[in-house]
Amino acid sequence: MLNRIRDRRIERNGIYELTLQIPEDEYFSVYDSVTEYSATEIVGNYLAKYQDDARFDNVRIKHNKNGHVVDIKAELRYVDNDHTDASPVPDMLNKTRP
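Per our numbering, the very first residue in the sequence shown carries number 459; after that it's consecutive.
Don't take each hint at face value.
List time: in silico EDC-like cross-link candidates among lysine to aspartate or glutamate, alpha-carbon distance up to 16 Å [stated by the list, open to error]:
id, residue 1, residue 2
1, LYS531, GLU475
2, LYS520, GLU499
3, LYS520, GLU494
4, LYS523, ASP490
5, LYS520, ASP483
6, LYS520, GLU484
7, LYS523, GLU484
8, LYS531, ASP465
9, LYS531, GLU469
Simulated restraints, written as ranges between beta carbons of each label pair [said to hold, decoys possible]:
id, residue 1, residue 2, range
10, ASP538, SER487, 17 to 23 Å
11, ASN522, GLU499, 18 to 24 Å
12, ASP515, SER487, 36 to 42 Å
No wet-lab data here; the hints were simulated from the structure. None of these values were measured; they are calculated from a predicted model. Glycine included, every Cβ here is placed at the ideal spot set by N, Cα and C.
Can you make the complete structure from the sequences, with help from the hints?
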């Protein structure tokens with residue numbers, strides 16, 4: 459699933475607004491419902507996969523049924539961050555479709 463995510467970042471006053479867009483079929487192949495918990499898990503795993511040291515908060519999620527995507531938004535902060543150690547990403551998020 460993580461390989462099919464489109465990301466966009468917009469910087470405003472030192473804070474980046476991250477938007478992750480996931481095809482709904484990919485999202486629902488891993489998760490049963492749209493929750494802030496799953497959104498937080500996805501953002502954390504996405505940043506870890508790409509070794510991004512940002513700290514994130516204010517995570518929001520929305521299912522765009524007309525666009526057939528799940529949109530996740532979060533705020534990223536890089537200033538005064540310590541380097542974080544890489545952690546493995548769960549296998550269920552690394553699945554690729556045949």
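Hints and how they fare:
1. LYS531 with GLU475: The hint holds at about 7 Å.
2. LYS520 with GLU499: OK: LYS520 and GLU499 at ~15 Å, within 16 Å.
3. LYS520 with GLU494: Distance ~9 Å between LYS520 and GLU494 Cα, so the pair holds.
4. LYS523 with ASP490: holds, 15 Å
5. LYS520 with ASP483: holds, 14 Å
6. LYS520 with GLU484: holds, 15 Å
7. LYS523 with GLU484: holds, 14 Å
8. LYS531 with ASP465: holds, 10 Å
9. LYS531 with GLU469: Given pair LYS531, GLU469 holds - Cα atoms ~13 Å apart, limit 16 Å.
10. ASP538 with SER487: 17 to 23 Å: Given about 37 Å between the Cβ atoms, the range is violated.
11. ASN522 with GLU499: 18 to 24 Å: holds, 20 Å
12. ASP515 with SER487: 36 to 42 Å: For SER487 against ASP515, whose Cβ atoms are near 27 Å apart, the range 36 to 42 Å is violated.
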